[in-house]
Amino acid sequence: MAETPRIDQLPGGLASGLEAVLLVADQPVSEARLAQIFEVEEIRITEALLALANEYDGRDRPRGFELRHVASGWRFYTRVDYADFVSSYVLDGQTARLSQAALETLAVIAYRQPVSRGRISAIRGVNVDSVVRTLLNRGLISAYPDLGDGGATLYQTTEYFLERMGLSSLEELPPLSPHLPGVADLESLDSAIFDD
Amino acid sequence: MAETPRIDQLPGGLASGLEAVLLVADQPVSEARLAQIFEVEEIRITEALLALANEYDGRDRPRGFELRHVASGWRFYTRVDYADFVSSYVLDGQTARLSQAALETLAVIAYRQPVSRGRISAIRGVNVDSVVRTLLNRGLISAYPDLGDGGATLYQTTEYFLERMGLSSLEELPPLSPHLPGVADLESLDSAIFDD
Amino acid sequence: MTATVTSPVASDDAQPEAAADRRFHLELENFNGPFDVLLHLITARELDITEVALAEVTDEFIAHLRALQARGGDGLKMLDETTEFLVVASTLLDLKAARLLPRGEMADDEDFELLESRDLLFARLLQYKAFKEAAALLGHNYDAESARVPREVALEPRFAALLPELVFSISPEEFAAVARKALEPKPEPVTEVGIGHLHGANVTIAEEARALHGKLSAHGTLDFGALIADADTQLVVVVRFLALLEMFRQKVITFDQPDPLGVLLVSLVDAARLDTDALDDDYDASADRHRLQPAGADGEQDHG
Chain V
1197 MAETPRIDQL
1207 PGGLASGLEA
1217 VLLVADQPVS
1227 EARLAQIFEV
1237 EEIRITEALL
1247 ALANEYDGRD
1257 RPRGFELRHV
1267 ASGWRFYTRV
1277 DYADFVSSYV
1287 LDGQTARLSQ
1297 AALETLAVIA
1307 YRQPVSRGRI
1317 SAIRGVNVDS
1327 VVRTLLNRGL
1337 ISAYPDLGDG
1347 GATLYQTTEY
1357 FLERMGLSSL
1367 EELPPLSPHL
1377 PGVADLESLD
1387 SAIFDD
Chain D
1197 MAETPRIDQL
1207 PGGLASGLEA
1217 VLLVADQPVS
1227 EARLAQIFEV
1237 EEIRITEALL
1247 ALANEYDGRD
1257 RPRGFELRHV
1267 ASGWRFYTRV
1277 DYADFVSSYV
1287 LDGQTARLSQ
1297 AALETLAVIA
1307 YRQPVSRGRI
1317 SAIRGVNVDS
1327 VVRTLLNRGL
1337 ISAYPDLGDG
1347 GATLYQTTEY
1357 FLERMGLSSL
1367 EELPPLSPHL
1377 PGVADLESLD
1387 SAIFDD
Chain Z
798 MTATVTSPVA
808 SDDAQPEAAA
818 DRRFHLELEN
828 FNGPFDVLLH
838 LITARELDIT
848 EVALAEVTDE
858 FIAHLRALQA
868 RGGDGLKMLD
878 ETTEFLVVAS
888 TLLDLKAARL
898 LPRGEMADDE
908 DFELLESRDL
918 LFARLLQYKA
928 FKEAAALLGH
938 NYDAESARVP
948 REVALEPRFA
958 ALLPELVFSI
968 SPEEFAAVAR
978 KALEPKPEPV
988 TEVGIGHLHG
998 ANVTIAEEAR
1008 ALHGKLSAHG
1018 TLDFGALIAD
1028 ADTQLVVVVR
1038 FLALLEMFRQ
1048 KVITFDQPDP
1058 LGVLLVSLVD
1068 AARLDTDALD
1078 DDYDASADRH
1088 RLQPAGADGE
1098 QDHG
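Protein chains in written order, with my numbering: chain V, 1197 to 1392; chain D, 1197 to 1392; chain Z, 798 to 1101.
What the hints contain is simulated information worked out from the structure, not anything from laboratory work. Idealized CB from N, CA, C, for every residue including glycine.
Covered by chain V, per the in silico footprint, the following chain Z stretches (three or more residues, Cβ under 8 Å):
| no. | region |
| --- | --- |
| 1 | 931-938 |
| 2 | 951-962 |
In silico negatives: residues of chain Z with every beta carbon more than 10 Å from chain V:
| no. | residue |
| --- | --- |
| 3 | Phe965 |
| 4 | Lys978 |
| 5 | Leu1039 |
| 6 | Pro1057 |
| 7 | Ala1068 |
So that you can see chain V by itself, here it is in the shape it has in the complex (with noise of 0.2 Å):
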């Protein structure tokens, strides 16, 4: 790239740039898309959009807004000091917590996926069904592509999983508990009794 991008050729450069294409997103924008727009290299967008989060939490005052990386890119979101003032203007399924049950099942697909409901059921003891269509309904699990071995359906967690629990990629989950056997054992331990 000799000639000098288009972007640095405007007044407010990359920065206002990127702000501009993130704030019509309605999903998270990876840095190589961004990358592709601006015309310039992946490293330049990375820094440009670490000093953008910065900034916005605070240079002269903390915004009302911040930028994040999560899921497979960044996106805009409310502070959360204001959250009880955002939640009197949009109140929507959003905030909707969830029961007991939908966390514990959500824990299990989410470290165990893809798993099928007879697995969930099997660690968590009880029937998980009516839990497993909430979880679908809410975006939060979707169906494992089918193998189209005649085989039960498998679940797997979605990328609003990531952007709802705040994580950029499943790696970030914490590990289970240390007193946990291995993972290698466990699995050997459920399909030992409850594969059917």
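Following the hints, put chains D and Z in place on chain V, whose structure we already have.
Just chains D and Z, lined up with the frame of chain V:
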């Protein structure tokens, strides 16, 4: 109002509070409404908004967004200088066809309007947030006028939808078979799902 | 908040007289199944999960099971729940029984089996505990994130206008067909959680009883080890054991165990008494008879 309003006790104060609410506002928000939300005099809202708009226009750099007063209130818009980049983001990956998911969602809205996203999700068994946004962007549906009851946003089909369908009114939509569950049944279905 | 489990009766801790009254009384609806109850019972006693005072916990657990059954309710759901509890309860009972017997040397396979079933129960309990902790973390994250709202608003008109003209040529009739399909009640997904996973796909007490009957008819007397030598899963072992208990009740066989924790000999006494139909009635809910659930229970699933 003898007491200090809550918003003035927060680090970013009214300016940041306004940023937060306007960030998630889907349509222009009136100064009266904002005054209500923040429990301050309307004149303070007006002043704060003007100051913000001014700040975005260039105190240190022209931001990628601007705050504009349109007919019914205030809203964030992208700054026109960056329109090229925003367009290339918006157009990327857009198709001229409605996906099957979008079509089904549209059908549910057409026959059950006005209807909330939660209800559509319950009917379709998946999260429909992004599909609903696509339909909104395409002008096929619109938000039902706010009932002011703090309930979830409801959606309805638009005139443009009728035009595209070649219909002159909703009554011309072919009737569905009589065995489909009536609205009452769906109510109970929904509550069963959401109470979980 | 290390390894503690939120106790639905935690408020009782504030009252000394409630702490003294260690009797088991819980809001059943607060629990998420047998592991939840078991965990609660253990933590309520501040016991190390690996050194549970089995006898006490077992008694309370059985009491809980009774309460659960007394509660009644939707047939299939009750059956599911009850059977889940039964698995845990029977394992606990097994272990309790072993504790009551004199401690001996590890004599044979049965001891190992007992140990194995204990380990299995604890492994499952630990596993559940780990997931419960993970759930608490996720719940915390979820609630924290609820305080942030992502920007997701409709496109500004000038960008919406840029979108390629929609190809949208569907007749009203086709559109109605789409609506019909979308609004139709979805068939319930096949439940995988009947009692199928308890008995495996095709392990039933009646069948195992028939098989055991066959073996015993051929040999007259066999020790338990021989009767389960070809069992390829723990489940088959458990089911055969239950089958033997039933056969004992029907006076088909007798048991003889010369030494504590020694070899368990099983002898056929009256082959003609075996009534496997009765076993179907009692145990096999996937057979045509459904004695354990009210006739015409709603939400019955098709297992197939």
